[in-house]
Amino acid sequence: MSTYEEEHGIQQNSRDTRETRETSQEEQRRQVRSQLQELFQNFGSTGGEGNGHSDSTLLLQLLSQLLPESLQEEWLQEMDNGKNKGCPDTFAASLPRINKKVLKPSDNCSICYTNYLEDKYPLVVELPHCHHKFDLECLSVWLSRSTTCPLCRDDVMGHRVINEIDTTEAELEEDWGMYG
Amino acid sequence: MSRITKEYRLIRKTLASDDPTFNPYRGIIESLNPIDETDLSKWEATIYGPEHTPYEHYQFRMLINVPDSYPMAPPKIMFEKDAILHCNIKSVTGEICLDILKPQDWTPVWDLLHCVHAVWRLLREPVCDSPLDVDMGNIIRCGDTRAYQGIVKYFLTERERNNHT
Chain A
1 MSTYEEEHGI QQNSRDTRET RETSQEEQRR QVRSQLQELF QNFGSTGGEG NGHSDSTLLL
61 QLLSQLLPES LQEEWLQEMD NGKNKGCPDT FAASLPRINK KVLKPSDNCS ICYTNYLEDK
121 YPLVVELPHC HHKFDLECLS VWLSRSTTCP LCRDDVMGHR VINEIDTTEA ELEEDWGMYG
Chain B
1 MSRITKEYRL IRKTLASDDP TFNPYRGIIE SLNPIDETDL SKWEATIYGP EHTPYEHYQF
61 RMLINVPDSY PMAPPKIMFE KDAILHCNIK SVTGEICLDI LKPQDWTPVW DLLHCVHAVW
121 RLLREPVCDS PLDVDMGNII RCGDTRAYQG IVKYFLTERE RNNHT
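Quick mapping for you: the protein sequence lines, in order, are chains A and B. Counted from 1, the first sequence has number 105 at position 105 by the working numbering; the numbering is strictly sequential. Counted from 1, the second sequence has number 125 at position 125 by the working numbering; the numbering is strictly sequential.
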């Protein structure tokens with residue numbers, strides 16, 4: 001439906017300007033927020049280091065008085081998440097799958113607490129080195145946040161390079177044999 | 001079925017058992033249950049004060065928030081406000097400083113029973129290297145166990161008296 005202004009070819013001046021003013025205000029607010037976040041996170045990571053930064057701790061204190069606690073917590077968590085990044089997406093998918101025949105009825109995934117054999121086609125993978133088993137689905141979510149085994153904290157990224165080179169070379173050789 | 005629903009079943013079965021091999025939490029966890037059965041994101045737990053500590057013979061209630069991302073993220077556990085005095089607990093808020101409940105040390109194989117048990121162990125073995133309550137931490141660090149026990153006992157008798165009036 002067209003508005004009164006459109007039908008009569010009149011510009012809706014007053015409303016337009018109000019809207020643009022509102023959006024620019026929102027834009028400003030967003031800018032201030034991101035600037036504050038940058039300040040907060042920068043100070044947080046360098047806080048109190050050396051003489052040059054002695055005034056930054058004071059500023060941080062001021063900032064934290066200004067900001068609501070929930071926002072501070074959110075930003076701090078964001079910083080933590082940036083620090084301990086998980087494994088690349090391909091890692092979990094590249095892990096060796098476990099044959100269903102090897103699984104015992106009592107075996108369960110220690111992340112979701114479900115028995116593997118409850119599923120008709122269980123997708124179970126084993127971590128290199130520590131050989132702990134998990135549902136592929138559960139483990140990939142965890143490995144997107146962390147690089148350690150949930151059970152023994154073994155650093156799973158520590159033992160993978162040799163494996164990868166081996167498989168690619170084997171595939172290459174096979175191809176050469178067929179077409180050579 | 002979600003993991004927390006599974007846990008709820010397991011917790012009920014475990015805590016109802018009198019067999020110590022099946023229920024290792026006897027004398028430790030008095031109760032652990034959702035506040036409202038239809039909402040498994042908010043839980044409450046009551047633990048017994050450990051023997052041979054000033055917390056013995058008292059019970060402590062805590063509130064547990066289970067985030068949507070649980071068990072990939074840890075649960076948030078708080079004591080009730082002004083209900084306990086301990087060097088790793090901020091008394092006025094009930095906030096607990098315990099490494100396994102921090103995102104960087106958490107692992108998804110732990111469950112709520114483990115967490116509540118770990119808080120109970122914290123009451124038995126205070127960690128005074130990184131105290132939330134600096135004054136309590138200093139008293140322990142000085143090795144003044146009598147002062148520590150005295151001050152906790154005084155706090156707890158006051159707490160009981162206020163609850164009854």
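Don't read these hints as lab results, they were simulated from the structure. Since the model is a prediction, treat every value here as computed from it, not as a measurement. The beta-carbon is built from N, C-alpha and C at its ideal position, and this holds for glycine as well. There could be a bad hint or two in this list.
What the hints assert, rightly or not - Cross-link-like lysine-lysine pairs, in silico, DSS-like; alpha carbons within 30 Å at most:
| id | chain 1 | residue 1 | chain 2 | residue 2 |
| --- | --- | --- | --- | --- |
| 1 | A | K85 | B | K13 |
| 2 | B | K153 | B | K6 |
| 3 | B | K42 | B | K6 |
| 4 | B | K42 | B | K81 |
| 5 | B | K6 | B | K76 |
| 6 | B | K76 | A | K133 |
| 7 | A | K101 | B | K76 |
| 8 | A | K85 | B | K76 |
| 9 | B | K42 | A | K120 |
| 10 | A | K85 | B | K81 |
| 11 | A | K100 | A | K120 |
| 12 | A | K120 | A | K101 |
Said to hold, decoys possible - If the Cβ cut is set under 8 Å, some of the chain A residues that face chain B in the computed set are:
| id | residue |
| --- | --- |
| 13 | L58 |
| 14 | W75 |
| 15 | R145 |
Do the hints match the structure? See the list:
1. A distance of roughly 37 Å separates the Cα atoms of K85 of chain A and K13 of chain B; the hinted pair therefore is violated under the 30 Å criterion.
2. A threshold of 30 Å between alpha carbons decides the hint, and for K153 of chain B with K6 of chain B the separation of about 39 Å lies outside it, so the pair is violated.
3. Distance restraint check for K42 of chain B and K6 of chain B: the Cα-Cα separation of roughly 15 Å lies within the 30 Å cut-off, and the hinted pair is therefore satisfied.
4. A C-alpha spacing of about 17 Å is found between K42 of chain B and K81 of chain B, which places the hinted pair at or below 30 Å, so the restraint holds.
5. The suggested pairing of K6 of chain B with K76 of chain B holds, with an alpha-carbon distance near 19 Å, which does not exceed 30 Å.
6. Proximity of K76 of chain B to K133 of chain A is assessed by CA-CA distance (about 27 Å); at most 30 Å being required, the pair is judged to hold.
7. With a CA separation close to 39 Å, the supplied pair K101 of chain A and K76 of chain B exceeds the 30 Å bound.
8. Only pairs whose Cα atoms come within 30 Å are accepted, and K85 of chain A paired with K76 of chain B is accepted, the gap being roughly 22 Å.
9. At most 30 Å may separate the alpha-carbon atoms for a hinted pair to count; K42 of chain B and K120 of chain A exceed this at roughly 33 Å.
10. Simply put, K85 of chain A and K81 of chain B have alpha-carbon atoms about 35 Å apart, too far for the 30 Å limit, and the pair is violated.
11. In summary, the hint linking K100 of chain A to K120 of chain A is supported, as the alpha carbons are separated by about 9 Å, within the 30 Å threshold.
12. Distance restraint check for K120 of chain A and K101 of chain A: the Cα-Cα separation of roughly 12 Å lies within the 30 Å cut-off, and the hinted pair is therefore satisfied.
13. This hint is violated: L58 of chain A has a C-beta 21 Å from the nearest C-beta of chain B, more than the 8 Å allowed.
14. Checking W75 of chain A against chain B by beta carbon gives a least distance of about 14 Å; that is not within 8 Å, so the hint is violated.
15. Taken as an interface hint, R145 of chain A checks out: its beta carbon lies about 6 Å from the nearest beta carbon of chain B, inside 8 Å.
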